[in-house]
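Student: Chain G: place on chain X using the hints.
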Amino acid sequence: MLAVVGTVPEQGFPLVAGKITLRDRSICIQGRTAPVNRGTPALLAAAARAAEALGQEEPFAFLIGDVGRGDGSRELYRYLVEHLRPDDFRTLVFHYLQPIVEWHDKILARIEGAAVRPLLIADAGYMYVAKMSGRSAAYDLFTPDIGELAFLADEIAPHPFYTRGFILHEQDRVPDMIAAIYGRGNAPACMLVKGSRDYFVTRAGIQAVIDGPVTEAMEAIGGTGDTLTGIVAALSASGMPLPEASVVAAKANRLAGAHARATPATQVAEIIDCVPGALLESLEPS
Amino acid sequence: MAALGFLRKRSPGNRASHNAASGFLVFENTSEVIRAENILRKQGWDIRVMGPPPEIRKGCDLVIEFPLIEELRVRKVLEDAGLPPLECVPVSGPLLSPVDLFRIKDFGGYLMIQAANMKLTVDRQSLVIVNISGGGCPDVPYIAERMVGRRLDEAPDPREIGHTLCGYALQLAYEEAKTKCLQW
Numbered sequence: 001m002l003a004v005v006g007t008v009p010e011q012g013f014p015l016v017a018g019k020i021t022l023r024d025r026s027i028c029i030q031g032r033t034a035p036v037n038r039g040t041p042a043l044l045a046a047a048a049r050a051a052e053a054l055g056q057e058e059p060f061a062f063l064i065g066d067v068g069r070g071d072g073s074r075e076l077y078r079y080l081v082e083h084l085r086p087d088d089f090r091t092l093v094f095h096y097l098q099p100i101v102e103w104h105d106k107i108l109a110r111i112e113g114a115a116v117r118p119l120l121i122a123d124a125g126y127m128y129v130a131k132m133s134g135r136s137a138a139y140d141l142f143t144p145d146i147g148e149l150a151f152l153a154d155e156i157a158p159h160p161f162y163t164r165g166f167i168l169h170e171q172d173r174v175p176d177m178i179a180a181i182y183g184r185g186n187a188p189a190c191m192l193v194k195g196s197r198d199y200f201v202t203r204a205g206i207q208a209v210i211d212g213p214v215t216e217a218m219e220a221i222g223g224t225g226d227t228l229t230g231i232v233a234a235l236s237a238s239g240m241p242l243p244e245a246s247v248v249a250a251k252a253n254r255l256a257g258a259h260a261r262a263t264p265a266t267q268v269a270e271i272i273d274c275v276p277g278a279l280l281e282s283l284e285p286s
Numbered sequence: 001m002a003a004l005g006f007l008r009k010r011s012p013g014n015r016a017s018h019n020a021a022s023g024f025l026v027f028e029n030t031s032e033v034i035r036a037e038n039i040l041r042k043q044g045w046d047i048r049v050m051g052p053p054p055e056i057r058k059g060c061d062l063v064i065e066f067p068l069i070e071e072l073r074v075r076k077v078l079e080d081a082g083l084p085p086l087e088c089v090p091v092s093g094p095l096l097s098p099v100d101l102f103r104i105k106d107f108g109g110y111l112m113i114q115a116a117n118m119k120l121t122v123d124r125q126s127l128v129i130v131n132i133s134g135g136g137c138p139d140v141p142y143i144a145e146r147m148v149g150r151r152l153d154e155a156p157d158p159r160e161i162g163h164t165l166c167g168y169a170l171q172l173a174y175e176e177a178k179t180k181c182l183q184w
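Protein chains in written order, with this note's numbering: chain X, 1 to 286; chain G, 1 to 184.
The following block holds chain X by itself, in its conformation from the complex (with noise of 0.2 Å):
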């Protein structure tokens, strides 16, 4: 099963952990609804429409709400520290949380304390904070974008915003990237870095480049890279190894935002409606 931790954008949102469900263009769990629009439950329901693809059960979510005071954050770090049972999951996807090391490092701990160790992913705020701990390598895949590739391949950097020739045009700095982070031994398994090429990379180097079909205006969409996220994990929870799923789900991303024609003022849970059609189109053998 697939499990997700993250938090939705609403003081107040309580602590929930259970399997969510999608209705009208938004996430259900436990009696609560957030809209898909942005962030955690961009991520959630992407993953759900490529589970229903898949034929694969709902996801499971962790989620609490804040709107960057941390509070949310510390709320449901203590929560996972005490209740988390990892080897529930085969996949356990950490997202926009508030990034503090000393609980990322005892969530860690405990992960490494099951008997079962499911595949990890993180993306946004707790890849911030798994590289700022120095246990990268605990991860079996990141998914940052070319900004983010370049804050960790800045050894100092303790968040993106002062990160060190931070050059803004750095898709052709990226093999060289690529070896500074691996170079470094701070670095996860793998990484899906999200761009207007997608990279599928590993210690050894790019294994892949996905690069179409284009469609310019994903990069100002809010929340394409959560649905990449959501469908690389939907696909690895499925049983699918990581370096085949990270291929297919940046094809099913591309595919989405091409069928649902995105411009610039698209928002992402126009995108998530194709998601099914694309992940289908991107399973068929070329």
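I should point out that these hints are in silico values taken from the structure, not numbers from a laboratory.
Accuracy of the hints is not assured; some may be wrong.
[Claimed, not checked] To spell it out: a stretch of chain X is covered by chain G in this simulated footprint if at least three of its residues, at any positions, have a beta carbon under 8 Å from a beta carbon of chain G; those stretches are:
hint, stretch
1, 25–33
2, 70–82
3, 151–158
Just so we're clear, the structure is a prediction, and the values are computed from it rather than from any experiment.
Where a beta carbon is used, it is the ideal one built from N, C-alpha and C, also for glycine.
Tutor: Chain G only, in chain X's frame:
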């Protein structure tokens, strides 16, 4: 991570990894440090007062260590109290400075402005913010929800409703968008 490894050796327990995600607030004099410490402690922040590293000995001989991720909120609280810090720097690299480059992407009817890891896209004709993307801190979805669909001159400032470094980067993109779009 060579630098972090170095920090770990110097610091006891797991304080080093905590430091790696911390920042220093630098003030003009000790009196300001004490006042700032009182204000921040009263609001519940996990801070400590300490001596500054050599690289930033330009203000007084004390600095406040704070959770760097919350820089936007901490700055706002101190500015509102009339105590703006001289500087705010990461503990992991006191000479690091914020990314201050802007990237502008022209989509024809839409303009996308990127500051650091945050992107804000505006409909050039209506001046409505149509999308906000990038970032990883939990205030990003919250700020986006409040700003998307509103005109540039009617949307709330990220500085007013955000808390984190991603919110700070979005503030820079927002100011640049206003400069670019509202002057037409």
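Student: With reference to the structure, classify each hint as holding or not holding.
Tutor: Now for the hints, and whether the structure bears them out:
no.	hint	in the structure
1	25–33	violated (count 0)
2	70–82	holds (count 3)
3	151–158	holds (count 5)
The structure fails hint 1 only (numbered hints given earlier).
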